[in-house]
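*Asks:* This is what each chain is made of:
There are 2 protein chains.
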Amino acid sequence: MNQVICTVDVVLLTLQDDGLKVALLKRDREPFKDVIALPGGYIHADGDRDARDAALRVLKEKTGIEAPYLEQLATFSGPARDPRGWSISVTYYALVSSDVIERANHPDVKLTSVDRQVKLPFDHRLIVETAVSRLRSKSQYSSLPCYLAGETFTLPQLQRVYEALMGEPINKVSFRRKITEMDMLEAIEGKFEAAGAHRPAQLYRLKSKFKQQLQLLERGL
Amino acid sequence: MNQVICTVDVVLLTLQDDGLKVALLKRDREPFKDVIALPGGYIHADGDRDARDAALRVLKEKTGIEAPYLEQLATFSGPARDPRGWSISVTYYALVSSDVIERANHPDVKLTSVDRQVKLPFDHRLIVETAVSRLRSKSQYSSLPCYLAGETFTLPQLQRVYEALMGEPINKVSFRRKITEMDMLEAIEGKFEAAGAHRPAQLYRLKSKFKQQLQLLERGL
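Top line first, the protein sequences correspond to chains A and B.
So the mapping is simple: the numbering used here equals the position in the first sequence, first residue as 1, plus 17.
So the mapping is simple: the numbering used here equals the position in the second sequence, first residue as 1, plus 17.
Quick caveat, the hints were computed from the structure, so don't treat them as lab data.
Please note that the accuracy of each hint is not assured.
Same chains, same names: a pair is fine if it fits in one copy or spans any two.
[As the list claims (entries may be wrong)] Subject to a maximum C-alpha distance of 30 angstroms in a straight line, what follows is the list of computed DSBU-like cross-link-like pairs (lysine-lysine):
(1) K50 <-> K228
(2) K195 <-> K208
(3) K50 <-> K208
(4) K155 <-> K136
(5) K77 <-> K195
(6) K189 <-> K136
(7) K195 <-> K155
(8) K155 <-> K224
(9) K127 <-> K189
(10) K136 <-> K224
(11) K189 <-> K50
(12) K50 <-> K195
(13) K38 <-> K228
(14) K155 <-> K38
(15) K226 <-> K50
(16) K50 <-> K224
(17) K127 <-> K50
(18) K136 <-> K208
(19) K195 <-> K136
(20) K155 <-> K189
(21) K77 <-> K127
(22) K228 <-> K136
(23) K77 <-> K43
(24) K127 <-> K195
(25) K224 <-> K43
(26) K224 <-> K189
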């Protein structure tokens, strides 16, 4: 058995001005020192409980963000993706609202549109594209977009998040029915948000059991 | 960086008598020598092009089966899943019709019902359950079940495969519409199969471009 380099990489995604952004940062060491890339690092067999734990550790170290919604994406591997040798990267995607990134206020993190073809080292471009495609297709039939909506939100705000991800308008009645069906939100008693000329809109939040556990729809939006 | 053990494991699934079966075999070495387990093995950094290539190599070596439909499932990792040390297993699931397994006729392969709670070493039980759950949920909106149906099949036969996976009857009209929508089958000219009192049924096969590439439905069955 030859040595295989074992790493994790995290695609941290957020919505900003209705556009999907990925968090990138300048690498502080070789290979690709000073090049913008995904936050990533070695798995520590002497400390990490599993690859997910390594991904959470790396994300916290490199971006200051703790305990986001995080899901395994896929594992990328081969002799050529890393100049150091045959390597495996177990990749994850994490979703947070943009104010979580603002609050963490990490000087090295750069939010970049996922559609901007910034050149990335390793196979990080492929990893980002895989994450975006997974997020977009899963948004149709799950609570995934809620993790981009912030701690509290109104239903029109949540609908705009779904629409931004799916790239098309959604019928309001059908949207409300699907949200009710997923049964993952709770109204925050007495909390409303002014909505221009309309009457104030009820504020909602995710029920606590769905903060780390996705809710699925049997049929898509 | 400490050494991480890097392996692949394959969940080879087939349908037999309308029941979903997984291929298991007796391990020929420690740990768990002589215990029934999933086909798996080390990644060979000196020969494998990537983890997928390793999975195909291991599957061929251990079961005699080549080039099935194979998809990455998930990566399992941690210090306790393998007694040899901190390990990663990049897992795959493969789908074949039961006659492919019969033709390979490998003396060590044992087909076992996925619902039979045979005790398995490592975290192989969890890996099998993850594969079955992925297959069942993906069957609703993709061509995945076709890979269990054999080289050629009639539409009623294919419907029975979908029904066996989804565990419920499917409306014939809606099934035919979805199959037409996926546009992944071709009729084999002049080939029919006798169907009891009914008129002979047209035989179909997967169009060649879909032999390794899944076709998805926008809305599920």
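*Asks:* Now tell me if each hint is right for this structure.
*Replies:* Results for each hint:
In this assembly of identical chains, the alpha carbons of K50 and K228 never lie at most 30 angstroms apart, being 36 angstroms within a copy and 42 angstroms across copies at closest. In this homomeric assembly, K195 and K208 come within 30 angstroms of each other (Cα to Cα) only inside a single copy, at 23 angstroms, whereas the closest approach across copies is 45 angstroms. When the C-alpha separation of K50 and K208 is checked against a cutoff of 30 angstroms, the pair qualifies neither within a copy, at 48 angstroms, nor between copies, at 62 angstroms. With identical chains, the CA atoms of K155 and K136 are at most 30 angstroms apart within one copy only, with a shortest distance of 26 angstroms there and 33 angstroms across copies.
Taking identical chains as interchangeable, the C-alpha atoms of K77 and K195 are never at most 30 angstroms apart, the minima being 34 angstroms within one chain and 45 angstroms between chains. With identical chains, the CA atoms of K189 and K136 are never at most 30 angstroms apart, being 38 angstroms at best within one copy and 49 angstroms at best between copies. Within a single copy, K195 and K155 get their C-alpha atoms as close as 14 angstroms, and across copies as close as 20 angstroms, so both meet the 30 angstroms cut-off. In this homomeric assembly, K155 and K224 come within 30 angstroms of each other (Cα to Cα) both inside a single copy, at 20 angstroms, and across copies, at 27 angstroms.
In this homomeric assembly, K127 and K189 never come within 30 angstroms of each other (Cα to Cα): the closest approach is 34 angstroms inside a single copy and 52 angstroms across copies. When the C-alpha separation of K136 and K224 is checked against a cutoff of 30 angstroms, the pair qualifies neither within a copy, at 39 angstroms, nor between copies, at 36 angstroms. Taking the shortest alpha-carbon separations for K189 and K50, neither the intra-copy value of 48 angstroms nor the inter-copy value of 59 angstroms comes in at or below 30 angstroms. For the homomeric pair K50 and K195, neither the shortest alpha-carbon distance inside one copy (46 angstroms) nor that between copies (50 angstroms) is at most 30 angstroms.
Only within a single protomer do K38 and K228 lie at most 30 angstroms apart by alpha-carbon distance; the minimum there is 21 angstroms, versus 35 angstroms between protomers. Taking the shortest Cα distances, K155 and K38 sit within 30 angstroms of each other both inside one copy (17 angstroms) and across copies (28 angstroms). With identical chains, the CA atoms of K226 and K50 are never at most 30 angstroms apart, being 41 angstroms at best within one copy and 41 angstroms at best between copies. Neither within a single protomer nor between protomers do K50 and K224 lie at most 30 angstroms apart by alpha-carbon distance, with minima of 42 angstroms and 47 angstroms respectively.
Taking identical chains as interchangeable, the C-alpha atoms of K127 and K50 lie at most 30 angstroms apart only when both belong to the same chain, with a minimum of 16 angstroms there against 51 angstroms between chains. Proximity of K136 to K208 under the C-alpha cut-off of 30 angstroms is found in neither arrangement, the shortest distances being 44 angstroms within a copy and 52 angstroms between copies. In this assembly of identical chains, the alpha carbons of K195 and K136 never lie at most 30 angstroms apart, being 38 angstroms within a copy and 40 angstroms across copies at closest. Taking the shortest Cα distances, K155 and K189 sit within 30 angstroms of each other both inside one copy (19 angstroms) and across copies (27 angstroms).
Taking the shortest alpha-carbon separations for K77 and K127, only the intra-copy value of 15 angstroms comes in at or below 30 angstroms, while the best inter-copy value is 45 angstroms. Neither within a single protomer nor between protomers do K228 and K136 lie at most 30 angstroms apart by alpha-carbon distance, with minima of 33 angstroms and 33 angstroms respectively. When the C-alpha separation of K77 and K43 is checked against a cutoff of 30 angstroms, the pair qualifies only within one copy, where the shortest distance is 15 angstroms, while the shortest distance between copies is 42 angstroms. Proximity of K127 and K195 under a CA criterion of 30 angstroms is satisfied in neither setting, with 34 angstroms inside one chain copy and 43 angstroms between copies.
In this homomeric assembly, K224 and K43 never come within 30 angstroms of each other (Cα to Cα): the closest approach is 36 angstroms inside a single copy and 46 angstroms across copies. In this assembly of identical chains, K224 and K189 lie within 30 angstroms of each other by CA distance solely inside one copy; the values are 22 angstroms within and 39 angstroms between copies.
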